[in-house]
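Visitor: Line by line, the protein sequences are chains A and B.
Under our numbering, the residue at position 129 of the first sequence is numbered 129, and the numbers go up by one with no gaps.
Every position in the second sequence, counted from 1, becomes a number in our numbering once 189 is added.
Simulated from the structure, these hints should not be mistaken for laboratory data.
Everything numeric in this text was worked out from a predicted model, so none of it was measured.
Each residue gets a CB set at the ideal place from its N, CA and C atoms; glycine is no exception.
All the given hints hold, so there is nothing to weed out.
A short, non-exhaustive set of chain B residues, derived as facing chain A with CB atoms under 10 Å:
1) H233
2) E239
3) Q240
4) L242
5) R244
6) V246
7) N269
8) L280
9) D293
10) L294
11) H341
12) H350
Number of protein chains: 2
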Amino acid sequence: MQEKLKIFYHIFTTTKDAIEKFMNMLDPVIQNATDEHERLYYHHIYEEEEQRLSRLVVLIPLISKFQQVNDENDFSPTNNEFNRLLQELNLEKFGLHNFVEHLDLALFRFTDAERSSLLNSLREVSYKDYQLVKQMLIEINSRFDTNYVDPHAHHDEHHDHLDRSTTPTMDTHFASSKQKKGFTVGSLI
Amino acid sequence: MQEKLKIFYHIFTTTKDAIEKFMNMLDPVIQNATDEHERLYYHHIYEEEEQRLSRLVVLIPLISKFQQVNDENDFSPTNNEFNRLLQELNLEKFGLHNFVEHLDLALFRFTDAERSSLLNSLREVSYKDYQLVKQMLIEINSRFDTNYVDPHAHHDEHHDHLDRSTTPTMDTHFASSKQKKGFTVGSLI
Numbered sequence: 001m002q003e004k005l006k007i008f009y010h011i012f013t014t015t016k017d018a019i020e021k022f023m024n025m026l027d028p029v030i031q032n033a034t035d036e037h038e039r040l041y042y043h044h045i046y047e048e049e050e051q052r053l054s055r056l057v058v059l060i061p062l063i064s065k066f067q068q069v070n071d072e073n074d075f076s077p078t079n080n081e082f083n084r085l086l087q088e089l090n091l092e093k094f095g096l097h098n099f100v101e102h103l104d105l106a107l108f109r110f111t112d113a114e115r116s117s118l119l120n121s122l123r124e125v126s127y128k129d130y131q132l133v134k135q136m137l138i139e140i141n142s143r144f145d146t147n148y149v150d151p152h153a154h155h156d157e158h159h160d161h162l163d164r165s166t167t168p169t170m171d172t173h174f175a176s177s178k179q180k181k182g183f184t185v186g187s188l189i
Numbered sequence: 190m191q192e193k194l195k196i197f198y199h200i201f202t203t204t205k206d207a208i209e210k211f212m213n214m215l216d217p218v219i220q221n222a223t224d225e226h227e228r229l230y231y232h233h234i235y236e237e238e239e240q241r242l243s244r245l246v247v248l249i250p251l252i253s254k255f256q257q258v259n260d261e262n263d264f265s266p267t268n269n270e271f272n273r274l275l276q277e278l279n280l281e282k283f284g285l286h287n288f289v290e291h292l293d294l295a296l297f298r299f300t301d302a303e304r305s306s307l308l309n310s311l312r313e314v315s316y317k318d319y320q321l322v323k324q325m326l327i328e329i330n331s332r333f334d335t336n337y338v339d340p341h342a343h344h345d346e347h348h349d350h351l352d353r354s355t356t357p358t359m360d361t362h363f364a365s366s367k368q369k370k371g372f373t374v375g376s377l378i
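Bound-form chain A, shown alone:
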């Protein structure tokens, strides 16, 4: 667990820095927005990342605290603080996922060399980190039998929907859409 905590700490301090870079990029875009839709769109993404930042400010010291733990028994679902750590990590997996998509959406609009180069580098790191967090949490959730069900799993059933290393074809998208059709919202409840 200590090795995983070290990786989590590194990933979440890295992404905290990345959020700040991204928010600094969005700030002048919001201020100079020429219409209300554009302003709301970037302000909305800005606020979501700000929410994530405020959660990371709590999560990172919690990871540090568990890095000081020597007794392996503290890494147990009977320890409420450990449960909270797992719950927060599961939440921030989605935070990272959503960040990758915010970067992808921004890449459609900020096509100048300076911004697209920064966005691409943040995207590359965040995507790798998201995959690593996802993999580590699958292991942790299965080890601690947390009954955790990933609401996102069906999006990746036939194709990792954030993967840019293979060029997805329209067929893949339609397959993924059809796939989604089979999923009913009610089935979650």
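Given chain A's structure and the hints, the job is docking chain B onto it.
Guide: Chain B only, in chain A's frame:
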């Protein structure tokens, strides 16, 4: 607290139903998207609401459970499950806030009578519910001295940024942007 729990229960079961209506509206838009940016944009919003739905599926029974509690001492920060309830409620306040903005963004695009009418009715209820959740949580967080700091508060300092009852002027937006300039990301850390 029992009266508040009853209101929370009502609000979160209502918004769960609203998410399903909104996701059903987005589904054909994603399937029929004519370009990759449009597809990603609506798919991203769909996934964020799906994440919120999966959290509500856990939160709503937790609220129900506390509605059965007769001992007022269980409503205490020394009770870990109560802490978890507060933490989840604080998170879902942002879920509701982000939902209002997702609806506002959708209103810019789905201007036909049927969809805009549904979106406006969902928006009206969700905005009122968001305000009520926000107000109730201010009271609860101050009563239980949870040291909770709202990362969003500065957005509303001069103007409730989701309020449509007064028409915001560009001046207000610029004031709000300038306001934001004074906020440094680092100050949160």
